[in-house]
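Number of protein chains: 6
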Amino acid sequence: MAAHPPDKEHLDDHMVKMEVNLDDIPGEWLGYVMDLLFEAGANDVFYTPIYMKKNRPGILLQLLCSLKKVNTMKKILFSETTTLGVRYYPLTVHRLERTYKKVATEWGTVTVKEGIHDGIVVQRAPEFEECKTIAEQHHIPLKKVYEQVWHVMGEET
Amino acid sequence: MAAHPPDKEHLDDHMVKMEVNLDDIPGEWLGYVMDLLFEAGANDVFYTPIYMKKNRPGILLQLLCSLKKVNTMKKILFSETTTLGVRYYPLTVHRLERTYKKVATEWGTVTVKEGIHDGIVVQRAPEFEECKTIAEQHHIPLKKVYEQVWHVMGEET
Amino acid sequence: MAAHPPDKEHLDDHMVKMEVNLDDIPGEWLGYVMDLLFEAGANDVFYTPIYMKKNRPGILLQLLCSLKKVNTMKKILFSETTTLGVRYYPLTVHRLERTYKKVATEWGTVTVKEGIHDGIVVQRAPEFEECKTIAEQHHIPLKKVYEQVWHVMGEET
Amino acid sequence: MAAHPPDKEHLDDHMVKMEVNLDDIPGEWLGYVMDLLFEAGANDVFYTPIYMKKNRPGILLQLLCSLKKVNTMKKILFSETTTLGVRYYPLTVHRLERTYKKVATEWGTVTVKEGIHDGIVVQRAPEFEECKTIAEQHHIPLKKVYEQVWHVMGEET
Amino acid sequence: MAAHPPDKEHLDDHMVKMEVNLDDIPGEWLGYVMDLLFEAGANDVFYTPIYMKKNRPGILLQLLCSLKKVNTMKKILFSETTTLGVRYYPLTVHRLERTYKKVATEWGTVTVKEGIHDGIVVQRAPEFEECKTIAEQHHIPLKKVYEQVWHVMGEET
Amino acid sequence: MAAHPPDKEHLDDHMVKMEVNLDDIPGEWLGYVMDLLFEAGANDVFYTPIYMKKNRPGILLQLLCSLKKVNTMKKILFSETTTLGVRYYPLTVHRLERTYKKVATEWGTVTVKEGIHDGIVVQRAPEFEECKTIAEQHHIPLKKVYEQVWHVMGEET
Numbered sequence: 001m002a003a004h005p006p007d008k009e010h011l012d013d014h015m016v017k018m019e020v021n022l023d024d025i026p027g028e029w030l031g032y033v034m035d036l037l038f039e040a041g042a043n044d045v046f047y048t049p050i051y052m053k054k055n056r057p058g059i060l061l062q063l064l065c066s067l068k069k070v071n072t073m074k075k076i077l078f079s080e081t082t083t084l085g086v087r088y089y090p091l092t093v094h095r096l097e098r099t100y101k102k103v104a105t106e107w108g109t110v111t112v113k114e115g116i117h118d119g120i121v122v123q124r125a126p127e128f129e130e131c132k133t134i135a136e137q138h139h140i141p142l143k144k145v146y147e148q149v150w151h152v153m154g155e156e157t
Numbered sequence: 001m002a003a004h005p006p007d008k009e010h011l012d013d014h015m016v017k018m019e020v021n022l023d024d025i026p027g028e029w030l031g032y033v034m035d036l037l038f039e040a041g042a043n044d045v046f047y048t049p050i051y052m053k054k055n056r057p058g059i060l061l062q063l064l065c066s067l068k069k070v071n072t073m074k075k076i077l078f079s080e081t082t083t084l085g086v087r088y089y090p091l092t093v094h095r096l097e098r099t100y101k102k103v104a105t106e107w108g109t110v111t112v113k114e115g116i117h118d119g120i121v122v123q124r125a126p127e128f129e130e131c132k133t134i135a136e137q138h139h140i141p142l143k144k145v146y147e148q149v150w151h152v153m154g155e156e157t
Numbered sequence: 001m002a003a004h005p006p007d008k009e010h011l012d013d014h015m016v017k018m019e020v021n022l023d024d025i026p027g028e029w030l031g032y033v034m035d036l037l038f039e040a041g042a043n044d045v046f047y048t049p050i051y052m053k054k055n056r057p058g059i060l061l062q063l064l065c066s067l068k069k070v071n072t073m074k075k076i077l078f079s080e081t082t083t084l085g086v087r088y089y090p091l092t093v094h095r096l097e098r099t100y101k102k103v104a105t106e107w108g109t110v111t112v113k114e115g116i117h118d119g120i121v122v123q124r125a126p127e128f129e130e131c132k133t134i135a136e137q138h139h140i141p142l143k144k145v146y147e148q149v150w151h152v153m154g155e156e157t
Numbered sequence: 001m002a003a004h005p006p007d008k009e010h011l012d013d014h015m016v017k018m019e020v021n022l023d024d025i026p027g028e029w030l031g032y033v034m035d036l037l038f039e040a041g042a043n044d045v046f047y048t049p050i051y052m053k054k055n056r057p058g059i060l061l062q063l064l065c066s067l068k069k070v071n072t073m074k075k076i077l078f079s080e081t082t083t084l085g086v087r088y089y090p091l092t093v094h095r096l097e098r099t100y101k102k103v104a105t106e107w108g109t110v111t112v113k114e115g116i117h118d119g120i121v122v123q124r125a126p127e128f129e130e131c132k133t134i135a136e137q138h139h140i141p142l143k144k145v146y147e148q149v150w151h152v153m154g155e156e157t
Numbered sequence: 001m002a003a004h005p006p007d008k009e010h011l012d013d014h015m016v017k018m019e020v021n022l023d024d025i026p027g028e029w030l031g032y033v034m035d036l037l038f039e040a041g042a043n044d045v046f047y048t049p050i051y052m053k054k055n056r057p058g059i060l061l062q063l064l065c066s067l068k069k070v071n072t073m074k075k076i077l078f079s080e081t082t083t084l085g086v087r088y089y090p091l092t093v094h095r096l097e098r099t100y101k102k103v104a105t106e107w108g109t110v111t112v113k114e115g116i117h118d119g120i121v122v123q124r125a126p127e128f129e130e131c132k133t134i135a136e137q138h139h140i141p142l143k144k145v146y147e148q149v150w151h152v153m154g155e156e157t
Numbered sequence: 001m002a003a004h005p006p007d008k009e010h011l012d013d014h015m016v017k018m019e020v021n022l023d024d025i026p027g028e029w030l031g032y033v034m035d036l037l038f039e040a041g042a043n044d045v046f047y048t049p050i051y052m053k054k055n056r057p058g059i060l061l062q063l064l065c066s067l068k069k070v071n072t073m074k075k076i077l078f079s080e081t082t083t084l085g086v087r088y089y090p091l092t093v094h095r096l097e098r099t100y101k102k103v104a105t106e107w108g109t110v111t112v113k114e115g116i117h118d119g120i121v122v123q124r125a126p127e128f129e130e131c132k133t134i135a136e137q138h139h140i141p142l143k144k145v146y147e148q149v150w151h152v153m154g155e156e157t
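Chains as they are written, first to last, in our numbering: chain A, 1 to 157; chain B, 1 to 157; chain C, 1 to 157; chain D, 1 to 157; chain E, 1 to 157; chain F, 1 to 157.
Any given hint could turn out to be false.
Stated by the list, open to error - No more than 27 Å apart at the CA atoms, straight line, and that leaves these computed lysine-lysine pairs for BS3-like:
(1) 69(B) - 132(D)
(2) 75(D) - 113(F)
(3) 17(A) - 74(A)
(4) 53(A) - 17(A)
(5) 101(D) - 54(C)
(6) 54(F) - 132(D)
(7) 54(D) - 69(A)
(8) 54(E) - 54(B)
(9) 101(E) - 74(B)
(10) 143(B) - 132(D)
(11) 113(F) - 54(A)
(12) 113(C) - 132(C)
(13) 53(B) - 74(B)
(14) 8(E) - 101(E)
(15) 143(A) - 144(B)
(16) 8(C) - 74(E)
(17) 17(E) - 101(E)
(18) 144(D) - 74(B)
(19) 143(C) - 132(F)
What the hints assert, rightly or not - Reference listing, derived: stretches of chain E covered by chain C, where coverage requires no fewer than 3 residues with Cβ under 8 Å from a Cβ of chain C:
(20) 116–128
(21) 137–144
Since the hints were derived computationally from the structure, they do not count as laboratory data. Where is the CB? At the ideal position from N, CA and C, for every residue including glycine.
Based on the provided sequences and hints, a complete structural model is requested.
Printed below as a string of structure tokens:
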């Protein structure tokens, strides 16, 4: 599956996972670092609590990015964290085809993202940010918004 | 809210949280201990990973039970874990009123548990075990079962 | 230490810790719930990963609030999470006296919060949000901002 | 070490680790997904709590399987979780030779699994499920069963 | 169970749990803080990874100490961590009676600590530090030492 | 970047990550195993709490080492843990150039390690062990030592 539109199902074998172990940085800086890495084009960034030497609670920073972003990510990691080394290795990502539908609720429409595998819809998820905006604007629980979207989604199947 | 039917909304102030720190027991035993504590009447049992002295990854076992179950729980904790001490303290639990509805799907009915706060339904959750049984028997994804239950739940509102 | 200005060192014994175990709610909702609880006046809100029955990764939601906020918090927890019960217990909080200083950097002033115990400054921390704003506006690493604040703080001792 | 009986010590370089980040799925579903993946032939499946964007507590699902199982695993991950992408990379596994001994206790025999490295027994572990069955049937602490097995194992060395 | 020798089974209701949330301190400092708290007489100290506001990975420091140690612990927490507040609440600890036995191995004797509940031995654990010293001095795996201690312990029952 | 002095910035592509899942070993043994692996030349060793099958809290042991250390590490893992298999995969590490400076405090000099990326100092960290020794010998909070080092570091820029 070489050249492909980004929203079609495909195997992406130009992805890299980068990792850093951190035991000498305060947690409040790490919230900020995550934002910077996303803004610079990381596909995902996440933290795992780890047990490091000398009884130190540490953090394992992991990020996923395309090969061509590796240097950009390194630059941020070296500038904004306290690490002296960054490790990385290649991996393959199988991505589903994505389509988007509109679902009408009493408070307005919500986008539902669908994931398609071998031509069959296997995922259907309301867009979180849209549901949240409705919940805030109408002063209703977020659950209520999801419940109505799920109800209407069912009708359309 | 003194005497009350157990399914009515009420404050329960005869509850206790018990805790044990464990760094000298294998994880496979702890899966079994959780079962024993539930069978003996614990309201909930859960584990948290903790960092203990000398670089030891440990487990904090916590359980919730009624005051009258404290001795039963102690007996299990002392017999089945490796601890030399059990600590505990009282707490209050605010429990919602619970009612149960039936929802019809194409694969059979599913119970939906409702939680009621001040007379208003604030929680509606399909019973997990029933959905799982349907998924297994009909060889369909669990998600599909939930999606249909959510759809039908919406109709009945 | 009965009546006291809120910024003086004092013991606060009108505080409550509230807790909820959650295994049937997606993580993306929980990011939102945390915001709502803070906005409604919680002193702190934090999540801990827990191991629950039936091999379920769950979340322990904990929050700290004053006694008079308990009902407000319950309302949010019942409306916005999936729980059928909320537990809580009282605790005492020893709070340091807080004062604020200004520190001049080449990019502008930064507030340093000080914590005072028995009349002695034991904590000195640059305000995170101000340092972050400087870092963003001047396109410099956050570390650089902290390093300069720490340097200047030292001079003033 | 090309062709080899599966219980002999060998290097297996046809193994793959697959990973999915999840922040929009309830924990109770994940207990079920783990079972499905094991039943379909995963060598191991495990969850790690991770910190994802927007303050979301998430779960990193990791599994190990042979190369030829990759498509089977993908199918389950796409059908039963909420992910739109699955990532994976190859790894090598060094497996010990395994042998099994029988140990006689007062409650019946227990299998002890041995791991052999370069011809030397380096691991000896009573089979957990057998010890658990004895504990349940004889109403004795699991610890007692292990203690007796360990005692008898020592005799036979 | 009022006055009691410390090694007899008893309920201790003069215990306190203290807690601090930390998101602005590096992990390497926390390894040191744990040592200081133990040296000053804490009964236990442990860390839990928590998710704090603004996407910050934080640490929940918990310690157990007797009521009369509360001020000593506060002093260390305020001096050595970055917190502006410490919270605490009382709890009860049920402690087993403790006795100590000697067990002879081929490399020397090892102390086995026993825990006694209602007159019955429910816990038997080789002292970790003694086993570790033997393993180091004799260049043998720690497992081997435990296996032999367990074997001999069984004989003496 | 083929042959290089170890303290110059370079890409190291002879590194390996090794992993073991553990659910049948007590935490106190794992503190010891970490020490052994470091002594034998591991570049880093760290533990992550994981959720394994049958409700077992487990530990993922990860270590980084050079290719030529793989057999040494395997030997320790098989001897000192309870695993029957070790998995591993290669990765690349980008290491910064390291230099060391001396900084004078009122209690003696402290080494500051600098990390250099593309000729620019991006990291500056006081050596933890030296700061800790000063704190212990002079009976001052560790924070005070760091604050003074940071202050003096700033002067020298």
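Structure-based check of each hint:
At roughly 24 Å between alpha-carbon atoms, residue 69(B) and residue 132(D) fall within 27 Å of each other, so this suggested pair holds. Restraint check for residue 75(D) and residue 113(F): the C-alpha separation of about 49 Å exceeds 27 Å, so the hint is violated. Under the criterion of a C-alpha separation no larger than 27 Å, the hint pairing residue 17(A) with residue 74(A) is consistent with the structure, at around 12 Å. Distance restraint check for residue 53(A) and residue 17(A): the Cα-Cα separation of roughly 24 Å lies within the 27 Å cut-off, and the hinted pair is therefore satisfied.
The suggested pairing of residue 101(D) with residue 54(C) is violated, with an alpha-carbon distance near 31 Å, which exceeds 27 Å. A threshold of 27 Å between alpha carbons decides the hint, and for residue 54(F) with residue 132(D) the separation of about 12 Å falls inside it, so the pair holds. For the hint pairing residue 54(D) with residue 69(A), the CA-to-CA distance comes to about 22 Å; that is within 27 Å, so the pair holds. For the given pair, residue 54(E) sits about 31 Å from residue 54(B) by alpha-carbon distance, which is inconsistent with the 27 Å threshold.
For the hint linking residue 101(E) to residue 74(B), the alpha-carbon distance of about 24 Å falls within 27 Å, and the restraint holds. With a C-alpha separation of about 34 Å, the suggested pairing of residue 143(B) with residue 132(D) is violated against the 27 Å cut-off. Only pairs whose Cα atoms come within 27 Å are accepted, and residue 113(F) paired with residue 54(A) is accepted, the gap being roughly 19 Å. Straight-line distance between C-alpha atoms of residue 113(C) and residue 132(C) comes to about 15 Å, which keeps the hinted pair within the 27 Å bound.
Proposed proximity of residue 53(B) and residue 74(B) is supported: the alpha carbons are some 24 Å apart, at most 27 Å. Straight-line distance between C-alpha atoms of residue 8(E) and residue 101(E) comes to about 16 Å, which keeps the hinted pair within the 27 Å bound. Only pairs whose Cα atoms come within 27 Å are accepted, and residue 143(A) paired with residue 144(B) is accepted, the gap being roughly 19 Å. Restraint check: the Cα-Cα separation between residue 8(C) and residue 74(E) comes to about 17 Å, which is no more than 27 Å; the hinted pair holds.
A C-alpha spacing of about 32 Å is found between residue 17(E) and residue 101(E), which places the hinted pair above 27 Å, so the restraint is violated. For the hint pairing residue 144(D) with residue 74(B), the CA-to-CA distance comes to about 18 Å; that is within 27 Å, so the pair holds. Taking the CA atoms of residue 143(C) and residue 132(F), the gap is about 22 Å. The hint holds against a cut of 27 Å. Taking a C-beta to C-beta cut-off of 8 Å, the region 116–128 of chain E contributes 0 residues in contact with chain C, too few for the three needed, and the coverage statement is violated.
Given as covered by chain C, the region 137–144 of chain E fails the check, having 0 residues with a CB less than 8 Å from a CB of that chain where 3 are the minimum.
Comparing the model with each numbered hint stated earlier shows that hints 2, 5, 8, 10, 17, 20 and 21 do not hold.
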